[in-house]
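Colleague: Construct all of the structure, not just a fragment, from the sequences and the given hints.
Protein chains: 2
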Amino acid sequence: MNRLGLYCSRCSAKLPFRYVEMKCDCGGTLLVDYDLECIGRTFKKEVLTTRCPSMWRYKDLLPVSNPDCIITLGEGWTPLVRLTTWEKKLPIGQLWLKREEQNPTGSFKSRGFSVAVSLLKESDRTKAAVPSNGNAASALAAYAGYAGIEASVFIPLDCPPLIVEECPLYGAATYLVDGFIHDAAAIIEAGKHEQGWINVGTLKEPGRVEGKKTMGLELAEQLGWKFPDVIIYPTGGGSGIIGMWKAYHELKALHWIDGPMPRFVCVQEEGCQPIVDGLAALNQAAMTPAVHAIASPTGMRVPNPPDLALILSIIVESGGTALALSKSQIAEATQTLGSQGISASPEGSAAWAGLLALCDNGWLLPSDSVVLFNTSHAMKYAKLTSSPSLPIIRTYEDYRSLNK
Amino acid sequence: MNRLGLYCSRCSAKLPFRYVEMKCDCGGTLLVDYDLECIGRTFKKEVLTTRCPSMWRYKDLLPVSNPDCIITLGEGWTPLVRLTTWEKKLPIGQLWLKREEQNPTGSFKSRGFSVAVSLLKESDRTKAAVPSNGNAASALAAYAGYAGIEASVFIPLDCPPLIVEECPLYGAATYLVDGFIHDAAAIIEAGKHEQGWINVGTLKEPGRVEGKKTMGLELAEQLGWKFPDVIIYPTGGGSGIIGMWKAYHELKALHWIDGPMPRFVCVQEEGCQPIVDGLAALNQAAMTPAVHAIASPTGMRVPNPPDLALILSIIVESGGTALALSKSQIAEATQTLGSQGISASPEGSAAWAGLLALCDNGWLLPSDSVVLFNTSHAMKYAKLTSSPSLPIIRTYEDYRSLNK
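Quick note, the sequences are listed as chains A and B, same order.
Counting from 808, one number per residue, gives the positions in the first sequence under our numbering.
Counting from 808, one number per residue, gives the positions in the second sequence under our numbering.
The hints are simulated quantities; they were obtained by calculation from the structure and are not laboratory data.
Wrong hints could be hidden among the right ones.
Heads up, the list lumps identical chains together, so a pair's fine if it works in one copy or across two of them.
[What the hints assert, rightly or not] Here are the simulated lysine-lysine pairs, BS3-like style, with alpha carbons at most 27 Å apart:
hint, residue 1, residue 2
1, K866, K1033
2, K1211, K866
3, K866, K895
4, K852, K866
5, K999, K1211
6, K999, K830
7, K896, K934
8, K896, K1134
9, K934, K895
10, K866, K934
Modeller: Quick look at the structure:
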């Protein structure tokens, strides 16, 4: 058993492991505690050369005790691609893109749900529910389907139709909610006792943060056991930032890395930017009032992150920042990444737009190595955008007439 | 330089390496010839533990000489997932699924175009064109975009609209063709001299087969340097089957594997089944007349594969078979795989339907280990199917009323 128990990210209280209540009495979030000294005795970097090419290569640092309960569809160990052409054009040192769209469900959400559904299996739970802007719902649906667990998913009405359609394909009971993600969450909270649902929403259980943690572990391994100077990450509920921050501290405790923490940059879309606003409030800067209705229905649209204080403290601890990008900056970034062969979601595009903004305002240094995350495929967002009008031809003569 | 030259798959003639003409005077297809004895002196299995988690881990067996010309977006080294639940239900030994949808462009076509575009770069070509039912076009578009090569793609009018839309996103000049894939190919052949296009269609250049070869190399490595007994593979132009057959022979020559060749099973959709019909003709069995118009516009719809004789000889050499599945068998398979958490394209679904048919008719043996290929994401085919109608709710009370 690798996991020791839980610890509170706010007051440092230690508690025995329990599956679903993740709020400490102090209001902080409970995270999984490991005996890193003990783990470090057998888990060495060299062991990884013989491990599987998925995030379960780090099983020693994941909270599932019974290997028979691991529910895996081949998630993680995604490519880290160097964008050399752009690296030369921008005033930074190195530029990398972590291609999370290559996960089994076409998004980074596969990671968290592989662990969460494994924990459900291990604890003999049979019903799970999640509020989601789409990709978390489709990931729960897929992993629960594979594990034989009943999934119910609740998604705001305006979310990308293709992602919504994946959920019934994977066998989930799928409901569209006339409201935001917190309205969907309220439905689950209201019904969870009567329906027997385990709520696997962000920070409601320990698996999702632990799964997202593997993004940080992989980054470090792929860069030769170094972290980059800066991570630009599209942020909604924040489990990715929390997970990668936790990965940094665990690798440090294992003495596998040293050096400072990467500066975490959270990007959001203008109109729903609680992290940007929260950081501005901490810094006593002027806040942009949040106008939720105009932000697009992406994974970044989370008006009330479950532990905003923890996200802000990570940004501050790391020397990072947060910024909000406009719809047009995001749309332009989709085109730029597309022409580089990258199928970028609006979230991944926001990371790119954030990179350009931080180059423009001088926040990034010429020596910085920067990692961007593309969290999902562009195509999952089709139908939200209009289709291009393309020429129809029959012969090469038709082609020539068109291209005269 | 690993590549020695080219050899003819039909008459065994040896030729110097040349980039684009792949037909031998005898009518056979030219394939890349390697000095395997020389390669084997430095390329050992153990080397792979230090190699990158992409198909370029096998760069010693790929035809790109200048490492600076390798165009990679993180393709290959895709998960091989064991389907234990179904394995127990079916009269076979082991059941595996190779998840090719997790490639950078959401399909197995990434592999061939990573090599083909690298070769274009290496030989200073600046313009490429491809006829395609969709996924090859989007892969050329992505890799060419990344490499700064001008791509023109020609796609039958009825192909999946989302795949078509990816091509202009990646910056390719995109044309819809009122006809089949061979009509699209005819346009390229007619215009290639005037336009300066390199035709990167199936078997028109050496890169695509070599890229697809890595599927076979990976299978062997992932199974502990063993091939499975049976590979069920959705087949259109056939470069995947040719590539995996070539992988088997090269690994055998390197003494990395032994044992018989896997039995290759080609699956197609009823209505466009030249491989099934060709095999029936070889066996002097009754042929189903091909009615091209009714087969769905998938990667399997290739009425005239460029080297049908080679595909048939591989099936015969391996002791394999070919079969055609109906639209309804394929649609049902999509549901079955979906409920297992697998986003299966019609092509991957055909492989599943083929598995069930070969279990039913007793062709598969109780000891057989079987690998299926899911070549692309289900979602790329959306809009061809109708959207499900889903309930809209605001509160938990609404949920209860619906589920009374």
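Colleague: Given identical chains, is K866 near K934, meaning Cα to Cα at most 27 Å, within a copy, between copies, both, or neither?
Modeller: Intra 25 Å, inter 46 Å, cutoff 27 Å: intra-copy only.
Colleague: Given a CA cutoff of 27 Å, do K852 and K866 count as a within-copy pair, a between-copy pair, both, or neither?
Modeller: both (13 Å within a copy, 25 Å between copies)
Colleague: Regarding K934 and K895, is the shortest C-alpha distance of 27 Å or less found within a copy, between copies, in both, or in neither?
Modeller: between (50 Å within a copy, 24 Å between copies)
Colleague: Please sort K866 with K895 into within, between, both or neither, judging by C-alpha distance up to 27 Å.
Modeller: between (37 Å within a copy, 26 Å between copies)
Colleague: Is it within, between, both, or neither for K896 and K1134, if the alpha carbons may be no more than 27 Å apart?
Modeller: Answer is within; shortest intra-copy Cα gap is 24 Å, inter-copy 50 Å.
Colleague: What label fits K1211 with K866 when the C-alpha limit is 27 Å: within, between, both, or neither?
Modeller: neither (60 Å within a copy, 42 Å between copies)
Colleague: Measure nothing new, just compare the shortest in-copy and cross-copy C-alpha distances for K999 and K830 to 27 Å and report within, between, both or neither.
Modeller: within (17 Å within a copy, 65 Å between copies)
Colleague: Within, between, both or neither: how does the pair K999, K1211 come out at a Cα-Cα threshold of 27 Å?
Modeller: between (64 Å within a copy, 16 Å between copies)
Colleague: Quick one: K896 to K934, C-alpha cut-off 27 Å, is that within a copy, between copies, both, or neither?
Modeller: between (50 Å within a copy, 24 Å between copies)
Colleague: Should K866 paired with K1033 be assigned to within, between, both, or neither, using CA atoms and 27 Å as the limit?
Modeller: both (20 Å within a copy, 25 Å between copies)
In summary, the one numbered hint that this structure violates is 2.
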